[in-house]
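Here the protein sequences come in this chain order: A and B.
This note's numbering puts the last residue of the first sequence at 105; the count rises by one with no breaks.
This note's numbering puts the last residue of the second sequence at 1166; the count rises by one with no breaks.
Derived from the structure by calculation, the hints contain no laboratory data.
There could be a bad hint or two in this list.
Straight-line C-alpha distance at most 30 angstroms; calculated DSS-like pairs for lysine-lysine [what the hints assert, rightly or not]:
#	chain 1	residue 1	chain 2	residue 2
1	B	K1137	A	K72
2	A	K72	B	K1062
3	B	K1071	A	K85
4	A	K72	B	K1040
5	A	K85	B	K1040
6	A	K85	B	K1046
7	A	K85	B	K1073
8	B	K1062	B	K1037
9	A	K88	B	K1062
10	A	K60	A	K44
11	B	K1037	B	K1071
Note that the coordinates shown come from a computational prediction; the quantities given were computed from them, not determined experimentally.
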Amino acid sequence: MRRDVFQAIADPNRRAIIGLLSNQKLTLSDVAEHFAISRPAVSKHIKILAESGLVVVRQKGRQRYCEARLEKLNEVSEWVQQNQKQWKERLDRLDEYLTELQSAA
Amino acid sequence: MIRDTEPTGMSARGDLLITRMFDAPRELVWQAWTDPKHFKRWWGPKDYTCPVCEMDFRVGGKYLNCMRSPKGKDYWSTGVFREIILMERIVFTDCFADEQGNAVPATYYGMSADFPLEMLVTVTFEESGNGTRLTLKHEGLPGGSEGEGAGQGWNQSFDKLAESLK
């Protein structure tokens, strides 16, 4: 199934994993060591992050290295900015309309 | 590369929180939001019109809105009211729709395929002096069959929002 960035960051553990990988490349075991949840659970979160493009996993010998692709988060800020602008414009108009309603009364 | 960006926190999750003061009584602001007759007068960005607004204003009820651009392009949106507390709070889902009211992805309107299919909007109305403070929370609902992060997590953020408004 298709994974998007929004779905990927909806989970607090996955946000923590991104935070952990934001300035270092780590093996899957290294990542798992930082969490109280089981290794298969961490593995599943990494898989979801990889499917959304936020994390790249590379096999090197027997180890799997995880690396964050933070530029994918730009999609989130782009979306937030677009929505912010839309809501601001709507609320501006609501403001004008409320003024109009009250001056008519 | 934006190596220094902190990926956690509100904005990284795609949440949006807007607070706005209105110089009008809460009852009137509530009315402007919940009565289609009023709603049609302001919904949409500057120079847009709202030719259609159908609201089944009760928990579980649906709405269907149309926003018309100055060039005449229509943008339909639909959703379900999840929570209604009279004069205090409205929670509803929000997604793009076709004119029959079927939910469609953002790509239907030429927007990014990565945008969430469904959003959750919480509008809170509060008296403040002679005016009204409106707080709007807009968040992307995680899609997918597993529904991870949905439910409990979202409810907690609502509680936090309510708490912060006390």
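Taking the numbered hints from earlier one at a time, note which ones the structure violates and give those numbers from smallest to largest.
2 and 4
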